[in-house]
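K.L.:
Protein chains in written order, with the working numbering: chain A, 1 to 278; chain B, 1 to 107.
These are calculated hints, taken from the structure and not from any lab test. Be aware that a few hints might be false.
What the hints assert, rightly or not - Computed, partial: chain B to chain A, Cβ under 8 Å:
1) Leu19
2) Thr46
3) Leu65
4) Pro67
5) Leu89
To be verified - Computed spacing ranges between beta-carbons, pair by pair:
6) A:Pro252 / B:Leu65: 39 to 47 Å
7) B:Asp61 / A:Phe202: 41 to 49 Å
8) A:Pro252 / B:Ser64: 21 to 29 Å
9) B:Gly68 / A:Trp211: 15 to 23 Å
10) A:Trp275 / B:Arg86: 17 to 25 Å
11) A:Arg167 / B:Val106: 46 to 54 Å
12) B:Gly68 / A:Pro87: 33 to 41 Å
13) A:Ala144 / B:Leu63: 40 to 48 Å
14) B:Leu65 / A:Arg167: 44 to 52 Å
15) B:Asp61 / A:Ile195: 30 to 38 Å
16) A:Ser173 / B:Arg37: 33 to 41 Å
17) A:Cys151 / B:Arg37: 22 to 30 Å
Given the structure is predicted, the values throughout are model-derived calculations rather than measurements. Cβ atoms here follow ideal geometry from the backbone N, Cα and C, with glycine treated the same way.
Residues per chain, in single letters:
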Amino acid sequence: MIPDACRSGFETRPSPDPMTYNIELPFSARFVTPPPNPFADDSSDVSMIPGARAEFLAGVQAEMPLLLGIVPFGLIFGVLGLAAGLPAWAVMSMSVIVLGGSSQIVFVQLWGVAAPFSVIGATVGIVNLRHLLYSADMAPYLSALPWRWKCVLSYLLTDEAYMVAVRRFRDGSVTAFRHWYLLGTGLTLWTGWVISTIVGVFVGRAIPDSWSLEFSIALTFIALLVLSVRRKSEICAALASGAAALALQSLPHKLWILAAAAIGMVVGLLVHRWWDEK
Amino acid sequence: MRVDILLLMIVCGALTFLLRFSFIAGARFLPQSPALRHLLRYVPPTVLAALIAPEILMQNDALSLEPGNIRLWAALVALAAAYWTRHVLATIAAGMVALWLLQALVG
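Put together the whole structure using the sequences plus the hints.
P.N.:
The following block contains the structure:
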């Protein structure tokens with residue numbers, strides 16, 4: 001599947017120079033990049049395949065550990081969806097159609113209390129407003145891609161896929177195939193989320209409440225938070241955002257997520273000006 | 001099969017997609033300023049902190065900083081595990097085990 005897919009749309013892209021391919025790949029990913037073939041024509045499509053495949057597999061490998069936190073959350077979502085009175089087909093297909101854990105939880109909670117459709121739609125939209133920030137952050141890295149790539153990667157731009165992939169885009173080298181890394185994180189997350197939702201619909205009721213599996217998503221975010229913070233300004237931004245999120249809980253429709261993030265981002269910028277640079 | 005549920009889900013899915021597609025589709029409308037790029041560096045830590053803080057510090061819609069809030073303790077264990085191991089699997093496992101142990105101890 002990968003070789004065919006990556007032939008399309010790259011005829012005009014520069015072929016990657018193996019010597020510039022120096023990002024820190026996971027150990028196993030180094031072995032899927034074959035040594036440069038001295039007889040290969042550098043302009044041929046075939047020479048581009050290893051780069052795309054290595055990026056994709058590196059993305060998959062980076063995302064895999066998160067599934068320990070995502071899968072229990074998917075199981076819980078399956079249970080909550082049925083408990084709210086949604087039919088099984090709707091719960092399962094929602095994970096494909098909406099593909100956003102926290103907004104799907106909000107959807108079923110509102111469905112359970114028979115909220116009007118307009119309220120459900122508006123709330124899902126507001127809960128997902130933070131994805132505007134992910135889109136703005138990723139836009140420069142993806143701007144040269146064909147539209148079909150932009151559509152697929154936008155669909156897959158979930159919290160967890162973005163949080164893992166953005167580190168590679170920021171800190172890794174600029175290669176012609178790095179968008180395959182985001183495809184790898186996105187598809188891995190998608191697969192884990194959809195399958196765990198389906199399993200949750202069928203057997204989720206057997207899970208005792210006392211296991212508190214819903215906590216696994218907070219733990220996943222804690223791991224991502226620690227990995228995303230390096231400078232003092234980033235620590236201050238996170239602390240300010242967390243405090244603001246608590247203080248702004250009275251804002252309706254979970255608008256506090258975006259408000260708190262905005263406050264934290266400005267605090268981070270100010271702290272960086274006054275502290276990091278000194 | 002109720003068509004209204006399907007339509008509602010498609011509207012929600014389309015909204016979510018459009019939010020994710022917005023600046024990726026309209027990158028040229030995004031100002032090319034270094035200040036904006038710098039500001040966006042703080043998206044991952046701030047959004048994650050905003051999502052986590054209420055999850056571990058709120059109980060029944062009220063701020064809970066008491067020692068009896070076992071989610072807070074489990075989160076601190078996960079924070080320490082993440083800091084020392086820099087590993088996602090270890091963080092989630094440590095936090096879940098801590099939560100279960102505390103639940104068993106406190107009852």
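K.L.:
If a hint holds in the structure, say so; if it does not, say that too.
P.N.:
Results of checking the hints against the structure:
1. Leu19: 4 Å, holds
2. Thr46: Cβ of threonine 46 of chain B sits 3 Å from chain A, so the hint holds.
3. Leu65: 10 Å, violated
4. Pro67: It is violated, given that the least Cβ distance between proline 67 of chain B and chain A is near 18 Å, above 8 Å.
5. Leu89: 4 Å, holds
6. A:Pro252 / B:Leu65: 39 to 47 Å: Because 25 Å falls outside the window, the suggested range is violated.
7. B:Asp61 / A:Phe202: 41 to 49 Å: 32 Å, violated
8. A:Pro252 / B:Ser64: 21 to 29 Å: 22 Å, holds
9. B:Gly68 / A:Trp211: 15 to 23 Å: 20 Å, holds
10. A:Trp275 / B:Arg86: 17 to 25 Å: Because 24 Å falls inside the window, the suggested range holds.
11. A:Arg167 / B:Val106: 46 to 54 Å: 37 Å, violated
12. B:Gly68 / A:Pro87: 33 to 41 Å: Once the Cβ atoms are compared, 39 Å apart, the range 33 to 41 Å for proline 87 of chain A and glycine 68 of chain B holds.
13. A:Ala144 / B:Leu63: 40 to 48 Å: Between alanine 144 of chain A and leucine 63 of chain B, where Cβ atoms are some 47 Å apart, the hint holds.
14. B:Leu65 / A:Arg167: 44 to 52 Å: 32 Å, violated
15. B:Asp61 / A:Ile195: 30 to 38 Å: Roughly 33 Å apart at Cβ, these two residues keep to the hinted range, so it holds.
16. A:Ser173 / B:Arg37: 33 to 41 Å: 18 Å, violated
17. A:Cys151 / B:Arg37: 22 to 30 Å: At roughly 24 Å between Cβ atoms, arginine 37 of chain B and cysteine 151 of chain A fall inside 22 to 30 Å, so the hint holds.
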